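Student: The residues making up each chain are set out below.
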Amino acid sequence: MMARRRTPRDGRAAIAQASLAGLRKLHPRVMMRNPVMCVVWVGAAVTTLLAATGAEGARGFAIAISAWLWLTVWFANFAEALAEGRGRAHADALRSSRVSLEARRLRDPADPLTTERIAASALQKGDVFVVEAGELIAADGEVIDGIASVDESAVTGESAPVIRESGGDRTAVTAGTRVISDWLIVRVTANQGESFLDRMIGLIEAGRRRKTPNEVALEVLLAALSLVFLLAVATLLPFSLWSVESAGRGAPVTLTVLIALLVCLIPTTIGGLLSAIGIAGMDRMIRQNVIATSGRAVEAAGDVDVLLLDKTGTITLGNRQAAAFLPAHGVDVVDLARAASLASAADETPEGRSIVAFAHDRHQVDPAVLPEGAVFIPFTAETRMSGVDMGGRAIRKGAVDAVARATGAALPADVEAASRKVAAVGGTPLVVIDGARVLGVIELKDIVKAGIRDRFDALRRMGIRTVMITGDNPLTAASIAAEAGVDDYLAQATPEDKLRLIREYQAKGHLVAMTGDGTNDAPALAQADVAVAMNSGTPAAKEAGNMIDLDSNPTKLLEVVETGKQMLVTRGALTTFSTANDVAKYFAILPAAFAGTYPSLAALDIMRLASPQSAVLAAVIFNALIIVALVPLALRGVRVRPVGAAQLLRRNLLIYGVGGLVAPFLGIKLIDLALVALRLT
Amino acid sequence: MTTHALAEFAVVVASVLLLALPLGTWIARVMEPGVRPLPLARVERAAWRLLRTTPEDDMHWSRYAGHILGLSVAAVLLLYALQRLQGVLPLGAGMPSVPPLLAFNTAVSFVTNTNWQAYAGEATLGLLVPMVGLTVQNFLSAAVGLAVLAALVRGLVRREASGVGNLWVDLVRGTLYVLLPLSFIIALLLAGQGVPQTLRATRTVTLVEPLAGTDTTVSTQTIPLGPVASQVAIKQLGTNGGGYYNANSAHPLENPTPFSNLVQVVSILLIPAALCLAFGRLVRAPRQGWALLTAMVVIYVGSTLPTLAAEQAGTPQLRSAGVELAASPTQPGGNMEGKEVRFGIAGSAIWATATTAASNGSVNAMHDSFTPLGGLFPMWLMQLGEVVFGGVGSGLYGMLVFALLAVFLAGLMVGRTPEYLGKKVEARDIKLAALVVLIPSAWVLLGTAVSLHVQGGRAGIFNAGPHGFSEVLYALSSAANNNGSAFGGLGANSAWYNTVLALAMWMGRFWIIVPVLALAGSFGGKRAVPPGAGTFPTDGPTFVLLLVATVLLVGALTFLPALALGPIVEQMQMIVGGAS
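Sequences listed follow chains A and B, in order. Just so we're aligned, residue 1 is where the first sequence starts under the working numbering, counting upward by one. Just so we're aligned, residue 1 is where the second sequence starts under the working numbering, counting upward by one.
There could be a bad hint or two in this list.
Unchecked claim - SDA-like, lysine to any residue: derived pairs with alpha carbons at most 20 Å apart: (1) A:Lys125 with A:Pro109; (2) B:Lys424 with B:Leu305; (3) B:Lys424 with A:Gly463; (4) A:Lys508 with B:Pro530; (5) A:Lys449 with A:Thr428; (6) B:Lys424 with A:Arg296; (7) B:Lys424 with A:Gly644; (8) B:Lys431 with A:Arg33.
Please keep in mind that the hints were generated in silico from the structure rather than gathered at the bench. In this text, all values refer to a predicted model and were calculated from it rather than measured experimentally.
Using the sequences plus the hints, can you model the full thing?
Tutor: Here you go:
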């Protein structure tokens, strides 16, 4: 469902839907939410009245202006509706999976045999229900009994089933996922309408969405700018009246032209797209399968400058892997590799498989096919060795002390030394023996994920500090930290250490992001500014976090930060662009507005527009079309490059500041030429 | 523009920058506790005892603002009473009491650091009012500006603090360590150039060349004198601008020589420039101060050069009247109407932009007689909100508000919510900053609009057409931005203008001071985000450009329509008219 690609037909349907929704949003009550576009709405209404009554003559012009003003409002509504539509399509897909769900509620949680069938929507927080193989889980909840494998692909897109069981860190289940084996007894943790899915839907619907703090601040500024322009334009009428009287010629500027000027000057571009940018930002999070519980959290993600990353799963692959064969004196390394491969041939643990793979990749030892009669000796807690008996040979690999005990003799000095060296840098040495002969040491170590170092470099350039959190001893931690290129690490970390570290950073003014899944992560998650809980985590962890990663992929934190930044950059870029646009509009409209009174002001008309009317109309049309032209950018977001703030600022100022200054001169001139060519003026 | 004009301009700018360096260091040191000369430190402590206060009595921003308002209201009342009672009080030099509305206008004008003068100094006031009233306000209003700036700086520096400092301590420090010593030096320099400094009210002299009328011959002249040098010193240093004489610094006794002219124009810009550098030191990032100063210098230079060029070019009308417009060793050329021969084109144009860039308002030439373009820049510099140098303290706190807006407008483009000096700029801060920008602009535009259409407003307009419009627009711009410079050509001593301009001055001063102090309180209470590679840099050339663009854009976008109907159209008409 997640992976389904958008087809062109979907795109057309979405546009048609958004067009209609944009019309519905013209309702004054909806428009009140957006002060800037509300001004345009009022302007459109007034010019329509003026056109209808013909109060100011030049009816065709008044009709054209009012039509374009309505279009301006509609374009802004369309952008918002389009963003909503895209987000909602995703949410609907998630929601549809549980519309007609039924649950078997336990009348008495102590008696799992007496159940009643009720609609999932009737479930309340604290209810307990049972779910068996083949059934869908009816509500978000916590497993209180049983163990089962669950297919969560409907939510995560990940096809491999996951284990959910009572107790421990894997107790959380999500509504709409399917149990594929065994059974679970689940306690509902959220009322209908409060589940994560519901909260997410709330974030992408303009009517229900709460504005984020920065959005509110920006809206204040946009409203203030609108007020300044309202003053500048409104006082033009008395100025014009006096000028006409004093100069003794011309006619006062018309209300239609003043309203056109006002709409062109107020920041309609950002005002019209602001809400769409916010919704699209949420949608981008959702498409990465991250559900934010508030818009505030997404915004904070852009500000984060310290990332606390769990070593396992984020920086390193989950398990230790073979990294080297260190042969004993007089043993050929290929012989050691072959023996190690044989000893691991039937070992299905990740470590075992990695040894076979490493022997093949590094020393061209083909994975052995065990001969008939070969006996696999599995690892036991008692022997702490595993291996194979074949053709009279007993090949084993195991921990250093276990092997020494098994051979009954001290290990050769060079093997002993090699083992110590491996352990010293945080690796795990496994000794390989063939009967009583010690062949050498396999070095197992944490493998840093490919490409992670580059990402940390990129983060550093963006001013974000990475801190690795690990339960390893300081030595191991230091070696992995150096290899992964993190800025700092916290070794032998307890949950309390984590919490303390977060507080320390915050006291210095940093904003901290982290991921977590266990119940003991909850205090740290609650303390962090951006806390991404794994969907596989405990309800406590999910409750403490302000985002949930449905894929339970801790590396996702990096994307979360980038998405947060992207939303802010897009907002800033369009604000700058919108403000810079005004210069050209003045040059178009001012000479036109006073052409009758002060013909010499025509010198300001550096675009040499065809007529006063075409100048005003061209500016209004440009102002409306630029909203449509920027919708894709608002929805997609401005790309955030991993460079420092100074460089990013220079670049964006050049594109959106200088670009915003120049673009309307060209645009208005082109529209003016088109108006003339189409004989519309 | 002549080489001489450029050289003179370079000397002015270089002198300001060179003197601002040590002065900035000095101000940064004395506005906060620290080592200072012992005799002055004793006076400082004595003043605290007198005012029954100590620096430990840290004020919440609202209390700080309340005390400023209380002090200012009291000052207006006192100044009003002094003028109304001039006729019965001593040292009145025989002048009658000042009429009520004029007294009210003048009282507000001097308390708000505007020094708009609807009266003619030598013909209205004796010795008492200038000495006890006006000069005291010249110091006090500048000290209030310094204090508000000090409070804002504390807000930016402090973390999670509730107070912004102690007003009375700040007033004492600003007056004692900055304004008084500097005034003393400047007054001596001016007196050395021939500016009177005496308690004699008048002196009657015999004319070298008696003036023969139709039936009488005038052979003596009575020259008004007084403590001129000391008042002129603080008039310039405190960005006050109220002249001792009606002709202000164009008067030969107020500004007798080219050197006194240089001293005065430098002292107009000196403290506002030094405050930028002091700011950098106080926030422990000198580059931040340099960035703000650079932005100011860029706008000042960018406005002065075209003014110089326009005045030197003269007008087509002058040319057709046979005036020699080219400069020569014996003639300044250009548009010399309304300018003093001893200052010439360069000395007048440089002064015109300096006095309007800083919210000083003193004049050494009549701006009304400038070419339209030459008059446009001084007017525009005021309309920018008096943030290019601006008033003592008020210029920098105004510029800091623009810095917040610049950071907010473009700061998002680095992918973080906006912050300035580590303090997050949030919705409440933007509301306050918007007020600071909105209030003066609203008064200028609305005041002009109404003045053009009420009887009282129309009566004062001496010229028709765009020039008449410019005269009203200039007066409102000057008052609401606390500059005080007059374009001339407007009968401002009328019930209408005395009232509307007094209100504009009051609003333009305190409707800004209160939000600025609220900002200080808001920032003081915030945590500080440590700077890093991801933070928006506010100390480099990119930021300087951004700040300049923000100041110009906000100013241009607000006032371009009005300017188009005034000086811009006048310039166009002049060119067209000259060509025909």
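Student: So if I understand the rule, the pair passes when the alpha-carbon distance is 20 Å or less; does Lys125 (chain A) with Pro109 (chain A) pass?
Tutor: 13 Å, holds
Student: Keeping to a limit of 20 Å between CA atoms, is the pair of Lys508 (chain A) and Pro530 (chain B) held or broken?
Tutor: 7 Å, holds
Student: CA of Lys431 (chain B) to CA of Arg33 (chain A), is that 20 Å or under?
Tutor: 18 Å, holds
Student: Between the alpha carbons of Lys424 (chain B) and Gly644 (chain A), is the straight-line distance 20 Å or under?
Tutor: Measuring from Cα to Cα gives roughly 19 Å; hence the hint holds.
Student: Are Lys449 (chain A) and Thr428 (chain A) close enough, with their CA atoms no more than 20 Å apart?
Tutor: 18 Å, holds
Student: Check the hint pairing Lys424 (chain B) with Arg296 (chain A) against an upper bound of 20 Å on the C-alpha distance.
Tutor: 15 Å, holds
Student: Is the hinted pair Lys424 (chain B) and Gly463 (chain A) satisfied, with a Cα-Cα distance of at most 20 Å?
Tutor: Satisfied, since the Cα-Cα distance of roughly 17 Å is no more than 20 Å.
Student: Within a Cα-Cα threshold of 20 Å, do Lys424 (chain B) and Leu305 (chain B) meet the stated pairing?
Tutor: 37 Å, violated
Going through the hint list in order, the structure does not satisfy hint 2, though it satisfies all others.
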